[in-house]
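Colleague: Chain residues, written in single-letter form:
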Amino acid sequence: MARKERLTFLFVCGAGVGSSMMVKMNADEIFRNHGLKVKLISSDVTSSKSNKADCLVTTQDIYRLIKDIDVKEVILLQNMVSVKELESKIIPAYEKLSAEREEK
Amino acid sequence: MKGCGLMFRIAAACRRESFTAGIITEKLESFLEEHDIPCSITEYEMDEVVELITEDMIVLAGSALAANSAGIPVLNGMPLFTGVGEKQFKKLLLKKIKEIEKEKKKMLTEMLTVDRIQAQTSTADKKEAIRMAGRMLVDAGLAEEGYIQGMLDMCEELSSYIVIMPGVAMPHARPERGAKKPGLALLTLKEPIKFGHPENDPVRMVVGLCAPDKTAHLVAIRELSKLLCEEDKVEQIFYAADSQEIYDVIAAFEKTLNL
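Read top to bottom, the protein sequences are chains A and B.
Residues 1 to 104 in my numbering are what the first sequence lists, from first letter to last.
Residues 105 to 363 in my numbering are what the second sequence lists, from first letter to last.
Please keep in mind that the hints were generated in silico from the structure rather than gathered at the bench.
A virtual CB, placed ideally from N, CA and C, is assigned to each residue, including glycine.
A couple of the hints might just be wrong.
[As the list claims (entries may be wrong)] Some residues of chain B that are not near chain A, with every Cβ distance over 10 angstroms (derived):
1) P177
2) T186
3) K194
4) E203
5) D317
6) R326
[As the list claims (entries may be wrong)] Calculated lysine-lysine pairs in the DSS-like style (CA-CA distance at most 25 angstroms, straight line):
7) K84(A) / K39(A)
8) K231(B) / K131(B)
9) K84(A) / K359(B)
10) K337(B) / K84(A)
11) K89(A) / K52(A)
12) K284(B) / K294(B)
13) K104(A) / K84(A)
14) K191(B) / K231(B)
15) K37(A) / K131(B)
All chains, please: the whole structure from these sequences, using the hints.
Modeller: In structure tokens form, the structure reads like this:
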């Protein structure tokens, strides 16, 4: 059974143990409720660039430090616990990225 | 949003080119149905096992071994495929599920005790607020003295990012800065303080986090994140008169959750 390569979302916070975990867990629930399969990775600032991902999810402050990271999409969050904000940004990003992939 | 509370979440994983996860998923589904355990099983590839985070258990369907970085229990499910040792495996599975269900509960109230809550505190600035939260963690034996400086350094380095939502800051340091045991400390501020966040200022509540690794605090942090999504609960905490009142709000909320 050949499975399609999944889109990868990378969550970055300062230490990799606090807010990036919160956001990653919320994202997991959102994708699950939409019936979408993705790959979710979390990381701290210092090791974030060693991860390969399609989409980066973080905050403005952290993005400033890792601006040259190689991803196709960037999502910046104001409220790290808001499921609403995350859902309104991450689902369109998913749709855009999977459409781009289909075109190839 | 759909609640996924009572479901027991299992990941079935095998190598990409393999079909064993599918077979094991079917077997698990019918077995757990027989035992009235509502479950949600998702198939994954072996190399994804390490990063899984919200599953309750991982069942491997292949000879390869894989570990999980969040400490989720991993079982070898091949007996379900081959039939060899199937009985023992099913016994182990039920035992593990019981253990996990028991362990999952009440984590936030374990990580945050009444003596680590201070209501309506007066602080001069963000540094003092962070120091106070850190002090409670250190005094409780959860972190070494240097952890407080670690929290301040992180705040310095990454500016206002620790203000995770309107009115709430969650200062913490990297585990290697002296985190010993997982725990939280909470203080509400009588006079709101500016942390320098463009949208989420001013801060009314500071939640200090201490986490020695990525795993032990996960359920608590998930509960916390759900609590912070409830505007009325957050308001209640902001304006509560004393630490017991805050604790009671959290404990009552926790009872309604079924993570």
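Colleague: Name the hints, by number, that the structure is in violation of.
Modeller: Structure breaks hints 5, 6, 8, 12, 13 and 14.
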